[in-house]
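Number of protein chains: 2
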Amino acid sequence: MTSFCSRCLWLLKMSVLFLALGIVLFMFRSVYLYPESSSSKAPLPQPSLAAGMLKLLPEEHVESLFTHDGIWLFPKNQCKCEAWKHQESYNFENAYGQTDLPAVKMRRQAEFEHFQRREGLPRPPPLLAQANLPFGYPVHGVEVMPLHTIPIPGLQFEGPDAPIYKVTLKASLGTLNTLADTPDNVVQGRGQKQLTILTSSRKVLNFILQHVTYTSTEYQHHRVDVVSLESNSSVAKFPVTIRFPVMPKLYDPGPERKLRNLVSIATKTFLRPHKLMTMLQSIREYYPDLTVIVADDSKEPLKINDSHVEYYTMPYGKGWFAGRNLAISQVTTKYVLWVDDDFLFSDKTKIEVLVDVLEKTELDVVGGSVLGNTFQFKLFLEHSKNGDCLHRRTGFFRPLDGFPNCVVTSGVVNFFLAHTERLQRVGFDPRLQRVAHSEFFIDGLGSLLVGSCPDVIIGHQPHSPVEDPDLAALEKTYSIYRANTNNEIQFKLALHYFKNRLQCAT
Amino acid sequence: MTSFCSRCLWLLKMSVLFLALGIVLFMFRSVYLYPESSSSKAPLPQPSLAAGMLKLLPEEHVESLFTHDGIWLFPKNQCKCEAWKHQESYNFENAYGQTDLPAVKMRRQAEFEHFQRREGLPRPPPLLAQANLPFGYPVHGVEVMPLHTIPIPGLQFEGPDAPIYKVTLKASLGTLNTLADTPDNVVQGRGQKQLTILTSSRKVLNFILQHVTYTSTEYQHHRVDVVSLESNSSVAKFPVTIRFPVMPKLYDPGPERKLRNLVSIATKTFLRPHKLMTMLQSIREYYPDLTVIVADDSKEPLKINDSHVEYYTMPYGKGWFAGRNLAISQVTTKYVLWVDDDFLFSDKTKIEVLVDVLEKTELDVVGGSVLGNTFQFKLFLEHSKNGDCLHRRTGFFRPLDGFPNCVVTSGVVNFFLAHTERLQRVGFDPRLQRVAHSEFFIDGLGSLLVGSCPDVIIGHQPHSPVEDPDLAALEKTYSIYRANTNNEIQFKLALHYFKNRLQCAT
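Line order of the protein sequences matches chains A and B. Take the first sequence: its position 293, counted from the start at 1, is 1241 in this note's numbering, and no numbers get skipped. Take the second sequence: its position 48, counted from the start at 1, is 996 in this note's numbering, and no numbers get skipped.
Excised from the complex, chain A in its bound form (with noise of 0.2 Å):
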């Protein structure tokens, strides 16, 4: 009996003991697990979809989901350029016989890769953080110069209580440090590329954790070091990018900020003198001393009595694009007006308006209107492994922010304000030696902002011939040279399956 109810009293303590486990168990799961629960007021809905029918849209969905103009802009395996509503298509690959292509193909395909080499290309795949990782740490934006160090922000470990804490700290490009003052056992390999710290505390670690500093130790250009934080069975990788800053190159607008110390005007002629002439007189009437860069590359060099024309002559019939690489290389004030040099000034080429405009946005380039022509055209790029497809649309993007009569757009006429260390980055393609106009924008694409005002207009010399038989001679070559002959227009293709690495355009 007494033995019997010593034992009961003993199982009445235990029951307590493990009720009050249960109660303090109970309670961390009710509070830990189900926190909505606990707040919630409203009952919580219950969408019916059983795991068992998980289902993907169907294709003809997601197209519809992510098409713009006409073209499915969703990852693909192969892109095609299928002529869409009125829209012509090429295939650059039809530019060459199918005796070289092959051969052509093996040498595209060589000197892609050293571009790509060059470029640190084709970029790694996406680093992905797995749930539930016991570090803080930066997921973007830290960035060192070649040979300079920097503290690495928000390092922070945050796992479970432990008698000893062991951090690893990994780099390949640089070395791992720490400002924090330590005896050598606490850490280990300060200065390596594998940084170890070993304490009993919690508060030495992250205090340590919190001083680690990266130094980038191979002189490099933009490379992207993968720095990883080890903690047991725990990996955290973040990107620490190497890179130097973009060195400024500004231009002095002076102390009155004159229009001829922020806008050069450019242009390119070509056996038509009296052309250029009409222009630059149209220039002098509203725009006395803007400097004017012509380039020529006609038989004649001409006498121009203009102090502020500057004159270059080029070999004869050097090119289109040649000529402008030229003009635009001489500049050297902020902006850089494009004119062809049978245009007309009147008062309504307004080029203030055209700078005010890329004084207040992020544009690199604003078109104005040719007589009401503003050329207005998108560009859309698809990947694909043998090239990419370029899609060509007129009209614009967006209206531009600040400005609700100019757009955001990919390509403009002939008539453009630019930033002229820009424009110098992107070029003329010197090989274009006719007629070319677009191949500019697409090699500017994703390097210039482009936009359009059409409310800036400059007018255009009439197209009637001219008298004086030599003047007539002289446009009678020119249009030889100007016409867009078969010749030049598979050179063209040529030249952007090539060198753009296009396969295909509509």
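Rather than coming from a laboratory, the hints here were simulated on the basis of the structure. For glycine and all other residues, C-beta sits at the position ideal for the given N, C-alpha and C. It is possible that part of the hints are untrue.
So, partial list: chain A residues that the calculated Cβ filter (under 7 Å) puts toward chain B [stated by the list, open to error]:
(1) G1089
(2) L1095
(3) D1129
(4) F1192
(5) M1195
(6) K1197
(7) T1261
(8) A1270
(9) N1273
(10) L1274
(11) T1280
(12) L1393
(13) N1448
Dumping the calculated PhoX-like pairs for lysine-lysine here, alpha-carbon to alpha-carbon at most 20 Å [what the hints assert, rightly or not]:
(14) K1151(A) to K1003(B)
(15) K1206(A) to K1053(B)
(16) K1185(A) to K1185(B)
(17) K1185(A) to K1118(A)
(18) K1028(B) to K1333(B)
Given chain A's structure and the hints, the job is docking chain B onto it.
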């Protein structure tokens, strides 16, 4: 009695139940909280560092740790240009008069802010991940082209079990959707900036997350959208980079890969036709058919009878870098070799060797030596609020991989081979009219990877005066232009101050 016995049995049952629970809890605790203690055999070290004595390394120690070539490459509030060893030191502000300086500073700041706006600078502070987030997500490398759609990889929920799961995704520059086919009440906000998932099935939740898509909706170049992923109080944030791919500009070396289809030679001349002609002759001894591009700003144009020389005339005395920029603007081959007009080709001037280096490495520019002078120098940049500090040191950073006799550096002598497209992107600033050289490599900092191979040697024509009186007169005028006048030096210092936004240099 009976009642007591039943209560006693109940207690017994409860005890067993809680005992079981207790054991489970204990096992969980031992496995989860002390994973090492179970695995590690050796006794753990007990580093001695009391959390109380947290301290940082003394500044002198930090300086010594992160000093390179005498420059402390660690972030500081202010950089200085103290003359170091036998280095000179320049304070670029001194190029301006004290009365002009305040206005100059304001103009420079305004131009710098415009530049920053267009470059998306300054970059936002790093994105920090908190510890123990219940999500898997991509920390780095997710990219989308403007207006395109991508699946977001690596999204996953691994939080604790719950009767109902609610996960919300938010974007700011684009919209979100999922390819998972679900009832409307499970996924809300498809095609909008906020997507909400509500389900009682973890499997369904993860299926939906695995198929989330991001669509860029604003046409922009190079922006970073920070997408957030939320559940209860946990928030993960990751970057989605909106950017156009770099448009390749490849050159076709042609079926036989002849040197003349790979390389053009570019030079600039002024008032010393005899030197130019001697140089051209020396080129033809070794490279009979390479295209040579000549930019000339002398008074009288030359007659050059060489079908492979392209000759360009400029306004008189337009200047040194203007001419260099003109010359490279006309190149149509993959590589361009820069030479001065008074150099002399010899059998040691092996262009093929330099081509081989650029073909097999990631260098953009590789210099040779002019009679043994390689003029190698390194450039270091230190950031500072009111302008960076530039440090120049002779020598190189490291040997060039694969070419033991070549090195990687920042600047080289006036005899170098370069990737045409890269060279044109940096360009020679036409504002630099007279003595200039390093200015080009400073402009190229961060965009040109430069190497030097001393074994490729070009000669230099003797400085002995000419007999011919006309030529002697020309050389006299030339020497006046060539002189590095005090005004010229002031102009260059001012250019570094304003254009490159540099504060000082050593």
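Against the structure, the hints:
| no. | hint | in the structure |
| --- | --- | --- |
| 1 | G1089 | holds, 4 Å |
| 2 | L1095 | holds, 5 Å |
| 3 | D1129 | holds, 5 Å |
| 4 | F1192 | holds, 3 Å |
| 5 | M1195 | holds, 5 Å |
| 6 | K1197 | holds, 6 Å |
| 7 | T1261 | holds, 5 Å |
| 8 | A1270 | holds, 6 Å |
| 9 | N1273 | holds, 4 Å |
| 10 | L1274 | holds, 5 Å |
| 11 | T1280 | holds, 5 Å |
| 12 | L1393 | holds, 5 Å |
| 13 | N1448 | holds, 6 Å |
| 14 | K1151(A) to K1003(B) | holds, 12 Å |
| 15 | K1206(A) to K1053(B) | holds, 18 Å |
| 16 | K1185(A) to K1185(B) | holds, 15 Å |
| 17 | K1185(A) to K1118(A) | holds, 9 Å |
| 18 | K1028(B) to K1333(B) | holds, 12 Å |
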